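Visitor: Sequence:
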Amino acid sequence: MEKRLPGLVVNSYGFASLFFTLMISLAVHYYAIFLTDVAMITAGHVALIMLLTHAVDVLSIPVSGSIIQKTRFRWGRFRTWLLFPPVTTCIFFTLTFTNLPLSYGCKILYLSLVYMVAHISLNFAYNAHLGLISVLAKSSTDRLRLSTRNFQFRMARQIFYAYVVLDILYRLSSANSTTWGYFYTVGMLAVMQVFGYWFLFYQVRDYDRYDPDKSSSKPSRWTNMEMIRQITGNRPLIVILSADTALNLGVYSLQTLAVYYFKYAAQEEPLMKPYVFLSSLAVFASTLIAPRIVSILGKKNTYLFAGGCGAAGYIALRIFGLWHPYLFIAIIVISVLGAGACYPIRQAMYMDAAEYGFYKTGRDASAFVMSMLPLPSKIATALAGTMATAGLELIGYVPNIMPGEQFIQSLMNIICYIPAGACIAAFLIMLFFYDLSDKRLAMIMQANTRKRAEA
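First residue of the sequence shown: -9, per the working numbering; consecutive thereafter.
Hints are computed from structural coordinates only; laboratory data are not their basis.
Every value quoted in this text rests on a predicted model; they were computed, and no experiment measured them.
For every residue, glycine included, the Cβ atom is placed at its ideal position computed from N, Cα and C.
A hint or two may mislead.
As the list claims (entries may be wrong) - With a Cα cut of at most 27 Å, we get these calculated DSS-like pairs of lysine-lysine:
#1 K(-7) - K429
#2 K429 - K350
#3 K441 - K350
#4 K350 - K290
#5 K429 - K290
#6 K441 - K(-7)
#7 K253 - K263
#8 K429 - K441
#9 K60 - K350
#10 K97 - K253
#11 K60 - K441
What the hints assert, rightly or not - Label pairs and their in silico Cβ distance ranges:
#12 R308 - D27: 22 to 32 Å
#13 G34 - V181: 31 to 41 Å
#14 F150 - G34: 28 to 38 Å
Start from the sequences, fold in the hints, and give me the full structure.
Guide: Now the structure itself:
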């Protein structure tokens, strides 16, 4: 029987996510409004920035995953990328929230370039973080533990983010200026991200070790075509990538536009704090009940349950969301309790897809497959940011003015209908195309264990 993974290692795996996602959260919620209301870039140009920068971000994910898969350094295949890239990320991510006295065109170019460098860098560390699951967990139980704990830490960070980070942001913005408030807050979070990854680097030192024999021998090279086949020939991976992209599109479009709702529709921007806190508390609660739901429904049906809850919640939000901002928050909280049930199992489902790929091809591409985990989020972020800001341009958004009734109704259409349609799409994709049942997976893992023992 495989030895159970120590709790400290499991917790350090989630601890790195805590600090990483604290840094990312501010960008997800506030970067669009920073560009439109602080940097004073038009919504149409922000949509273009979002599209181009996120396209580079998305393309860097498989590239970084391929590099991690092919290389082997003295600190380990995955640990190496937890040591240096976080520092580069820290510098350039902080620079994305600067409003330098540049001409309009130069400002767009500058902010686009620093954003791209920051996200290319963070993809190396994040992909290595995700890939560690392949060397840390040798059983489906430990994989589920890591996946669940990772997501629990990610959700716990939102509670801290809502009432500590946002409070710091608003206080620094009022004490200095809005520009410097963003800069100081992001800089603090970026430094914390570095130390989170370094702590994980230390804790997993006995699991991802440098093997001089493997390094001195001729490595097993992966061609670009083999990498492509690992995706195109892996049906479960394609399905989960597609469903995740749709589901995340709903999440990120709401997160991008929520601050616009509270600033212009509710006219109480500080309500972002209880909104983020309560919705995050709901997602965190869903991670606690998710293992029970999975044990009853299985992974696929849990995913379907989550997609259905999300779609119903967004439709209800359009009907009742303008009645009162607290009702807006309440609807989101209730729907998130069900919709969040799928997130703790996502990492385990990608590892399941990696097992399927090994079973089918005889080659272990777990590092590359796990590097695909952030791809749907990146694609969804690009689509959500582009669609949301293009929608703002379409409805005639002008920053920092009193909105009319027609604008508010149009804003609610964008806020609600994009995520509702995305959740329905995710539900249908998973319902009709995902065929890797838990029973079939158990058979595949047994066969793979024999293959690895014979190798």
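Visitor: For each hint, tell me whether it holds in the structure or not.
Guide: Comparing the hints with the structure gives:
1. Distance check on the hinted pair: K(-7) and K429 sit about 23 Å apart at the alpha-carbon level, within 27 Å; holds.
2. Proposed proximity of K429 and K350 is supported: the alpha carbons are some 17 Å apart, at most 27 Å.
3. With a CA separation close to 11 Å, the supplied pair K441 and K350 stays within the 27 Å bound.
4. For the hint linking K350 to K290, the alpha-carbon distance of about 21 Å falls within 27 Å, and the restraint holds.
5. Restraint check for K429 and K290: the C-alpha separation of about 12 Å stays at or below 27 Å, so the hint holds.
6. The suggested pairing of K441 with K(-7) holds, with an alpha-carbon distance near 20 Å, which does not exceed 27 Å.
7. For a cut-off of 27 Å, the pair hint linking K253 to K263 stands: about 12 Å separates their Cα positions.
8. Note on K429 and K441: the hinted pairing holds, with a Cα-Cα distance of about 19 Å set against a maximum of 27 Å.
9. At most 27 Å may separate the alpha-carbon atoms for a hinted pair to count; K60 and K350 meet this at roughly 20 Å.
10. Distance check on the hinted pair: K97 and K253 sit about 25 Å apart at the alpha-carbon level, within 27 Å; holds.
11. Distance hint between K60 and K441 is fulfilled; the C-alpha atoms sit about 22 Å from each other, no more than 27 Å.
12. About 25 Å separates the C-beta atoms of R308 and D27, a value consistent with the hinted range of 22 to 32 Å.
13. In this structure the supplied range 31 to 41 Å holds for G34 paired with V181, their Cβ-Cβ distance being about 34 Å.
14. Between F150 and G34 the Cβ separation comes to about 35 Å, which falls inside the hinted range of 28 to 38 Å.
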